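Student: Hey, can you work out the whole structure from these sequences and the hints?
With my numbering applied, the sequence shown corresponds to residues 1 to 232, in that order.
No lab work stands behind these hints, which were simulated from the structure alone.
Since the structure is predicted, the reported quantities are computational estimates derived from the model, not experimental observations.
Be a bit skeptical, because a hint or two may be false.
As the list claims (entries may be wrong) - Below 25 Å or equal to it, Euclidean Cα-Cα: the simulated DSS-like pairs (lysine-lysine) are:
| id | residue 1 | residue 2 |
| --- | --- | --- |
| 1 | Lys99 | Lys44 |
| 2 | Lys56 | Lys99 |
| 3 | Lys179 | Lys139 |
| 4 | Lys99 | Lys139 |
| 5 | Lys44 | Lys56 |
| 6 | Lys56 | Lys179 |
| 7 | Lys99 | Lys176 |
| 8 | Lys139 | Lys176 |
| 9 | Lys216 | Lys99 |
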Amino acid sequence: MELSQLQYLNLSSNYFQDTHIPEFLGSLSNLRYLDLSNCGFDGKIPTQFGSLSHLKYLNLSYNYLEGPIPRQLGNLSQLQHFDLSYNYFEGNIPSQLGKLSHLQYLDLRVTDLEGNIPSQLGNLSNLHELYIGERGALKIGDGGQWLSNLISLTHLYLTSLSNLYHSHSWLHMIGKLPKLRELSLLNCSLTDNFFLSLRPFIFNFSTSLTVLDLSKNTLMSTMIFQWVANFT
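Tutor: And the structure:
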């Protein structure tokens with residue numbers, strides 16, 4: 001079967017038990033949309049996917065994929081939507097993802113990724129939604145300076161990151177995001193003292209913020225309500 005002109009392929013919510021993602025999909029050079037979510041795939045992402053130069057949408061979420069995220073995926077220069085959540089990837093987030101200049105949506109939640117989140121993600125100035133954490137051992141490095149470059153960001157979910165309570169600088173960077181509407185810092189071991197020790201003159205939330213999720217932290221004092229009142 002000749003599929004060289006195929007542009008749209010959706011196989012989501014099927015169940016290919018004990019099956020790897022076929023490598024030949026990486027040869028479908030005209031593909032714009034590929035959804036393989038919730039399919040029961042295991043094994044690794046084929047490095048051949050890095051050749052899908054016209055791809056705009058890639059969803060591999062809710063599978064059993066493992067191993068490192070291939071650095072070749074940084075070659076997907078037209079990609080706008082990228083979802084790898086709910087898998088078992090290992091190692092670091094590849095810095096090459098910072099080359100995806102058209103990316104608007106990136107979801108790396110619930111994986112086993114570890115190490116510092118690469119500062120190259122700060123190059124994603126068109127990114128609207130970023131979801132990171134909830135499993136694994138990811139950290140914010142360099143004080144999260146790269147966060148302030150995500151000027152189009154509207155949704156930011158940083159979940160279960162292990163070192164956020166060590167510094168305020170990353171929160172200061174988030175405060176510079178002009179379009180941020182939703183911020184989730186769920187289960188990040190943040191305390192009353194962390195928030196109450198912030199100096200108001202160096203930090204201010206975007207006036208567009210409508211959702212703030214601080215659930216599953218270690219807040220114990222009603223003084224946190226005073227802190228919330230200071231930025232409203």
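Student: Measure nothing beyond the straight line between the CA atoms of Lys216 and Lys99; if it is 25 Å or shorter, mark the hint as holding.
Tutor: Given that 25 Å is the threshold and the Cα spacing comes to 34 Å, the pair is violated.
Student: What's the verdict on Lys99 and Lys44, does the C-alpha distance respect the 25 Å limit or exceed it?
Tutor: holds (21 Å)
Student: Are the Cα positions of Lys56 and Lys179 separated by 25 Å at most?
Tutor: Answer holds: Lys56 to Lys179 is near 23 Å, not above 25 Å.
Student: Sort out whether Lys139 lies within 25 Å of Lys99, counting only the CA atoms.
Tutor: holds (21 Å)
Student: Does Lys99 pair with Lys176 here, judged by a C-alpha cut-off of 25 Å?
Tutor: holds (22 Å)
Student: If you draw a straight line from the CA of Lys139 to the CA of Lys176, is it 25 Å or shorter?
Tutor: Satisfied, since the Cα-Cα distance of roughly 20 Å is no more than 25 Å.
Student: Check the hint pairing Lys179 with Lys139 against an upper bound of 25 Å on the C-alpha distance.
Tutor: Holds: Lys179 and Lys139 sit about 24 Å apart, inside 25 Å.
Student: Straight-line Cα separation of Lys44 and Lys56 no greater than 25 Å?
Tutor: Answer holds: Lys44 to Lys56 is near 21 Å, not above 25 Å.
Student: Taking 25 Å as the top limit, are the C-alpha atoms of Lys56 and Lys99 close enough?
Tutor: Satisfied, since the Cα-Cα distance of roughly 14 Å is no more than 25 Å.
In summary, the one numbered hint that this structure violates is 9.
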